[in-house]
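2 protein chains.
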Amino acid sequence: MAQVSEFTQTLQGTMVSSPIESTPMAEPIAGESDRPSAVFLVLDSPDPPAPWHELTDSVRHSLLSHAKKFGSFSKCISSASYALFPVLRWGRNYDLKMFRSDLLAGLTLASLGIPQSIGYANLAKLDPQYGLYTSVVPPLIYAVMGTSREIAIGPVAVVSLLISSMIQKVVDPALDPITYRKMIFTATFFAGIFQTSFGLFRLGFVVDFLSHAAIVGFMAGAAIVIGLQQLKGLLGIDHFTNKTDVVSVIKAVWIAVHQPMHPGNFLIGCSFLIFILITRFLGRRNRKFFWLPAIAPLLSVTLSTLLVFVTRADEHGVKTIRHVKGGLNPSSAKQLQFSGPLLGNSAKIGLISAVIALAEAIAVGRSFATIKGYQLDGNKEMIAMGCMNIAGSLSSCYVATGSFSRTAVNFSAGCKTTVSNIVMALTVFIALQLLTKLLYYTPVTILASIILSALPGLIDFREAYNIWEVDKMDFLASAGAFFGVLFGSVEIGLSVAVIISFSRIILNSIWPRIEILGRIQGTDIFCSIRQYPVANRTPGLLITRINSCFLCFINANFIKERILSWATEEKDALENAKERTRSVIIDMSNVMNIDTSGLEAIEEVHKKLASDEIQLAIVNPGWQVVHKMRKARLVDRIGRAWIFLTVAQAMEACLALKKENGHLC
Amino acid sequence: MAQVSEFTQTLQGTMVSSPIESTPMAEPIAGESDRPSAVFLVLDSPDPPAPWHELTDSVRHSLLSHAKKFGSFSKCISSASYALFPVLRWGRNYDLKMFRSDLLAGLTLASLGIPQSIGYANLAKLDPQYGLYTSVVPPLIYAVMGTSREIAIGPVAVVSLLISSMIQKVVDPALDPITYRKMIFTATFFAGIFQTSFGLFRLGFVVDFLSHAAIVGFMAGAAIVIGLQQLKGLLGIDHFTNKTDVVSVIKAVWIAVHQPMHPGNFLIGCSFLIFILITRFLGRRNRKFFWLPAIAPLLSVTLSTLLVFVTRADEHGVKTIRHVKGGLNPSSAKQLQFSGPLLGNSAKIGLISAVIALAEAIAVGRSFATIKGYQLDGNKEMIAMGCMNIAGSLSSCYVATGSFSRTAVNFSAGCKTTVSNIVMALTVFIALQLLTKLLYYTPVTILASIILSALPGLIDFREAYNIWEVDKMDFLASAGAFFGVLFGSVEIGLSVAVIISFSRIILNSIWPRIEILGRIQGTDIFCSIRQYPVANRTPGLLITRINSCFLCFINANFIKERILSWATEEKDALENAKERTRSVIIDMSNVMNIDTSGLEAIEEVHKKLASDEIQLAIVNPGWQVVHKMRKARLVDRIGRAWIFLTVAQAMEACLALKKENGHLC
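Protein chains in written order, with the UniProt record's numbering: chain A, 1 to 665; chain B, 1 to 665.
Careful, some of the hints might be misleading.
Same chains, same label: a pair holds when it works inside one copy or across any pair of copies.
Derived pair list, reagent style DMTMM-like, types lysine to aspartate or glutamate, alpha-carbon separation capped at 25 Å [to be verified]:
1) Lys631 x Glu600
2) Lys372 x Glu561
3) Lys658 x Glu603
4) Lys472 x Asp47
5) Lys607 x Glu652
6) Lys372 x Glu604
7) Lys380 x Asp612
8) Lys472 x Glu604
9) Lys472 x Asp44
10) Lys416 x Glu604
Everything labelled a hint here was simulated from the structure, so no lab data went into it.
Quick caveat, the model's predicted, so the values are computed rather than measured.
Isolated chain A, as found in the complex (with noise of 0.2 Å):
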């Protein structure tokens, strides 16, 4: 190689004539003293920031922005604390009207969130209690901390599925479910940490890795995996699969089916989920009623258990919930285990829960804030999510967040601030203290019809059609999560997810685009001629535009061939005629970063249209662009004179050599 480079290097001066420097033509048409001042700005920009210089001025920046603001060290504390707490902000203006507001959105929000609490425990693999634990603490540390108003914090059924379902397949609830218990909650404290860091080193990114369409296909798949969960409960069924997917669950379900059952689970479960999605029906048919599917979950359950108690159809074969722990949150501060070697897989399952948890709350946060008309800040809703759920995994918690079904039901009750979550964390603490003993009779296969009842809200017909209709690769990614979720398990969904967006990004950026460019009649406006069919071509000019922001090795090639073989192709078609291709302007505006394969193949463009005595510009290069062709010297052997700022001033250029040319024959 570094023979050829040398043969290469030593044979230039005497093998290939080289007409840059020989003929006339490679000359600028005018002196450069004669060029417009706007037309050398190109070579005269500054030197860009180095790569790492962007990265580490943006962390400094968004590190010390309060500091720098404030000055003195007690004014920086304040203002680090009004930014951590929001509450100091708003609190001032707090009012009795408003916490009226927040009372009557509270009490809705905790007759709603009680029973899914428990249900969404019962998902969880975990005692009844630990829903109801997760709906006290993490909803008082968000009050006091997050920027969203609307948002009701608990637990939520696809964390609830996805923190299950990836544990069990370390340790099995059934038969250890101290372990089990001890591993949530250090995945709960991993999840915490991770989504504090995740804010405080401004990496909102990380939850960007799942894109729109992602979450839509992804969520739609969670909820038909828990809606197939739930038939354990609705039927009543003692042994069933740990797996997730669907052909294992239907397989459970197959057998459980053809062995003797009590059909008192199915008829309690089936009728009082009819009896919620009626209510349901009734409350969005008229708005006034809103109420009145926030509070089914919570009648169907009084309701059932009552009847449960009339009847004793406990003693018949209806399982019901039986012993649940009253009281305060225990402290669960000695059941971490930060060693041994579950560790791992409690970090990788805590950074998952993690960062699924922040896309289920911030997308709720933000659809809700944008009704309102407020902006979400990204990363002060990270570390309020991360800081209450470090604070739960100290208290018997498992991951919280923000649950789509209870922040609308929040927002359609009136909530004005985050008070409303204080409101039902209180109301649910009263609930542990008190009525923990009144659950004895109530039948799991409630939990299981309150569960169901909130899924369709999960599944987002609308919106996946919409992707459908707009961009058929994005709804490739959501249909991957979808089938990989109800196929494969919860990890395989996201991985497919993932990966297809990712693909996606890559194919986009090396799918090689190039056009050629022409101007739009009177005007100094050029575009593509596919696209814009009005554009005319000038005779004898090859204007081309790059359309890729990275000229890099796996297009280069191609953009390269491409443009000297639209030069010479017109040079064949037009041998004789007067009109052959004399100047090729190579629009590069769109480049912004260039790379040892891309100034290679510009230089080689160069090289072979100057043998052809063609005349290269280039316009407009990126910053990164313009600095790296002039430390490869591409700007000197191209010609300082033929490097222009736009489209137009080398247009001007070219026509003007022509013509000149023209005039020496």
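Assemble chain B onto chain A, guided by the hints.
Same frame as chain A, but now just chain B:
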């Protein structure tokens, strides 16, 4: 999620004061009919072709281009044969003068090729004759099909190392030479099939997967590894490691050095290595002696063989080649194995060798084509290489390709066409028939010296320095490949290079770039105020440009938040000043594609700005982007009148709006 979006939709009318419809500011300042016709072009452009249409079009185009050009079947056949066999084209003008040059070049080539082929066969752990076989059939096939005039075909060092290092992981050549050979031929066959299909389906970009920088690093690493392997021959070591990494090899040498050795091997090897290096030095100093380094290896072989024969050194520990089977290439068709457990491995090894062989051949071919000022047709080259390797695999050859060192010699010797390859092949053929017996006393150590002397050509310090100078990230890929080969294995080195190169593409695409634009005084040119400090911002107007060609889930949120914070930051700073930001112009000329997350981000920017009474104008979105914005009905929501073709038009409209608002106040 569905709930949320329902809420969003049902509540928008009531909750949000929607200034888009209600305030006068969002109305276009001039009626649509008043705007110059050029402005509407953005929205009038036809639908872009779907991505798969573009793909199928390009394949159809490339496959049918010849058929289309020539119409009738017979003409199609003749044009196809012209395309496949370039010899039909240049053969007609071939004359005696050209043949004289080619004859000389071919003989020089053979004198270098014979010893090199034997050495490389040794490196590939094959008997010497297989190297010679590989210098007979493939060059003959290439001569009639290839488009490069200088390339010298035959076995090369890197591919020999690659294929032996990969196959000996599966089959030990010392224990089971027959299976090893079968696998070599099968892998060669697969390599040929892959290369031909790359060419037929125009998959030339597969070769581009290895960036220029990665190849520089890989070649240098491979050269050092090959050099270390030669220590076995040079020191006359019997038991050597099968691993190729530096650590294992040095350990093996260390052990061997401490055992009784015969210094004869080392003495002969070193002295002839010095001899060859001196001739190379002389050849470079004076162009007239170019033949000296070319024949030095053959001279060394002859002299050393004579030396051993005369002194009977082989009886005193100097290892000699001994029996080399003479005669024409035997058929190896029956040795190809298309069943059994090794098939997958053979295919994989074939694929990797195919890519590396093509990368080397095309790199060397392009270098010399550029010097001579003609264009290499990558796809035809790949078909030619593929066919010669398929033919080779049927006639006891292993993977052949274009050699760096021999191509340079061929070029210096003044070759005119591929006839020099034919001359070389015939010479090697004659040698195989007549001279193999003379190799009986040739010391093995001389082969090591010949390979060692060819290695410096693979290490390109100057290019590595250039890469470091121009592009630090490219250098990282280079260094990754280098150290990967050196301390891992050939495959690890390649993987590292590919991974680094691709991560770079991803990083480049997702790194969200957005800039504030300013106007260059007295022109309609708008450019980045960081890159062009002379550009001025217009008060009350924020002009931004998205410098990313794919606005997608990974950068959309960042870009959205950046635009909003710029717009509102100034609003805060200038709360009481007259000149708060009244309009935001987003220049989207660089955005070639968008996904649903990107569309959502644009829509959210629009909503938020509208609620702050700031007008949004979009400038020149890419073809796909306009199309998707239309489909997502974003065009209507932003307003058809606020999408422009140039920044200047958008600015005019915004300034007119401001003036009108001023009048209204």
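The hints, checked one at a time:
no.	hint	in the structure
1	Lys631 x Glu600	within (13 Å within a copy, 40 Å between copies)
2	Lys372 x Glu561	between (53 Å within a copy, 17 Å between copies)
3	Lys658 x Glu603	within (23 Å within a copy, 47 Å between copies)
4	Lys472 x Asp47	between (41 Å within a copy, 15 Å between copies)
5	Lys607 x Glu652	within (22 Å within a copy, 42 Å between copies)
6	Lys372 x Glu604	between (56 Å within a copy, 12 Å between copies)
7	Lys380 x Asp612	between (60 Å within a copy, 23 Å between copies)
8	Lys472 x Glu604	between (37 Å within a copy, 22 Å between copies)
9	Lys472 x Asp44	between (44 Å within a copy, 23 Å between copies)
10	Lys416 x Glu604	between (65 Å within a copy, 22 Å between copies)
Violation of the numbered hints given earlier is absent; every hint is satisfied by the structure.
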